[in-house]
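Sequence lines, in order, name chains X and G. Under the numbering used here, the residue at position 193 of the first sequence is numbered 193, and the numbers go up by one with no gaps. Under the numbering used here, the residue at position 33 of the second sequence is numbered 33, and the numbers go up by one with no gaps.
Note that these hints are calculated values from the structure, not bench results. There could be a bad hint or two in this list.
Below, a list of computed lysine-lysine pairs in the DSS-like style, where the Cα atoms sit at most 27 Å apart [what the hints assert, rightly or not]: (1) G:LYS131 / G:LYS114; (2) G:LYS114 / X:LYS171; (3) G:LYS131 / X:LYS283; (4) X:LYS171 / G:LYS131; (5) G:LYS114 / X:LYS188; (6) X:LYS188 / G:LYS49; (7) X:LYS188 / X:LYS171; (8) X:LYS171 / G:LYS49.
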Amino acid sequence: METLRTIFDPDFLLRYAVYTNLLVGLGCPLVGVFLVLRRLIFMGVALPQISSTGVAVALSLPLWLGWGHGAHQGEREHAFAIIGSVVASVLAILVLAFLERRHRGLSEGRLGTAYAVATAISILLLSKNAIAELGWLDLLKGEIIAISGVDLTATLATFCLVLATLWIFHKEMLLVSFDRTMAVTLRKNVVVWDLVLYLLIGLTVSSAVLSVGPLVAFGFLVIPVLTARVLAANMRQFFVFSSLIGGATALVGFCIAYRFDFPVGPTDVALSGVVYAAVFTTKRVFVLFASRNHAGREPVAANGLSHH
Amino acid sequence: MNDMIISLENLTIGYDANAVLTGLSLQIRRGSFTALLGANGSGKSTLLKTLLGLIPPLQGRITMEPVNGRPLNFGFVPQQGDFDPVYLLSGFEVALMGVYGRIGAGRFVPSAEKEFVRECLHATGAEAFAKRRFSELSGGQKQRVLIARALATRPDALLLDEPTAGVDTAATQAVMNMISRIHHEHRFTVILVTHDLHLVREYAELVIWLHQGEARIGTVVELLNPQHLAEIMEMEFR
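Let the sequences and hints guide you as you build the complete structure.
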């Protein structure tokens, strides 16, 4: 409780990191639900990594172009990083989703290759850029500390945009995901709706990668969603629980990391995994117990046989 | 009013320039019950997808007669096994999707449309289990929900893709009787894809038999007589 009070103190040094982590925890699962529904979980692994490669390329650009150190170098790098991340995420999801639809090659193989190659390119690029390497390695490790007010505002804006779009167009997104054929016969423009969804996913992923790194982005895209799937009874609960579990994990994860001096990102993801395992196991035990109880209480007919 | 609702002229259909069916010409009458028969891979689903506008024809022309000045409205009933159980949708929510075509993007479903969906579920006998999760319903129950969803589109024609596949005999009979009743009550045009000759004989008026890229068209009496059947079976197993 004391830790919670400390991290929510308006003068707390890492307050931007707390709020950003919380927003990522709340926002990523909202689009992650569609990755799970569309059976694109592996895309959730590959996308943040490709997005971070976009950042690495963007951070290497000034070096390749021979631009020296200037007064506004930090701002310029930040702008480049945002552009690189968004462009890489959106392009990657469009290409990967297109190939998925056309059933070209092995899906898992494609995504695995994209992940491995993207990681390798990031490391190669950053190894030749000492200045960018320092900050970026922190992000890769999930060290969510150096978050500025601009980062927080950008993350908040992305979260609001994603929430509003999903709230307003949930009917269309769900129809196109659940039954594409039906959507076409109802004269819905499925390509446009796919594009809107992929843009939302790309934007969320790039925003999360820029603020908390690829590991945390992937963790929040998928794990809270899988946890919520165990608990939810309908689609509304699925979305709400996913977001709340993500937000709660982010908050508790930050408290634990702060209290025991762990890196925040890995703490968040490890905690998400623990919560998922606990919820899954509890549900299984509960179902098993309930079914045994039900069998024990089953009315027995006069001839000694149960009604079944 | 033109009695023909769908006309196919010298139609060639297929995927990526690979023709599955060639030179198909036929007319489907308004309010008729047509069965689409053929072995696996004969092009039944390809023809259905072409009619629905999911894939463009490779050659030839499809003419759909407008109804009251608006384009033809299809109520499509896919196979019940086509849906992923990961979606936590109730039977009612699945059926509700039928009205989405009349509701603009970003608008919520009005209560009158929800009431209409309840009527459709009632008409197909799916009202009792509509609140249950769709993925947990039996094959026959899912089909009833999917037919209710197709009715909710206020269709001019119902296209059913093997609606009794994976459904037990009793449920098959119940589903087919219900389709037949709806067909007679509303005079919808029905196009049914099936493997089941017994069902075709019992319910269909016109039969389209697809085989090796060609189509034989005739009434049940013309096409399903013993002589023709023997000929077709011989072709199928040759």
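For each hint, the structure was consulted:
Annotation: proposed proximity of G:LYS131 to G:LYS114 holds, straight-line Cα distance about 13 Å (limit 27 Å). Proposed proximity of G:LYS114 and X:LYS171 is supported: the alpha carbons are some 14 Å apart, at most 27 Å. As the CA atoms of G:LYS131 and X:LYS283 are separated by approximately 22 Å, the hinted pair is consistent with the 27 Å bound. Of the supplied pair hints, the one linking X:LYS171 and G:LYS131 holds, its CA atoms being roughly 18 Å apart against a limit of 27 Å.
Of the supplied pair hints, the one linking G:LYS114 and X:LYS188 holds, its CA atoms being roughly 20 Å apart against a limit of 27 Å. With a C-alpha separation of about 16 Å, the suggested pairing of X:LYS188 with G:LYS49 holds against the 27 Å cut-off. Note on X:LYS188 and X:LYS171: the hinted pairing holds, with a Cα-Cα distance of about 11 Å set against a maximum of 27 Å. Only pairs whose Cα atoms come within 27 Å are accepted, and X:LYS171 paired with G:LYS49 is accepted, the gap being roughly 24 Å.
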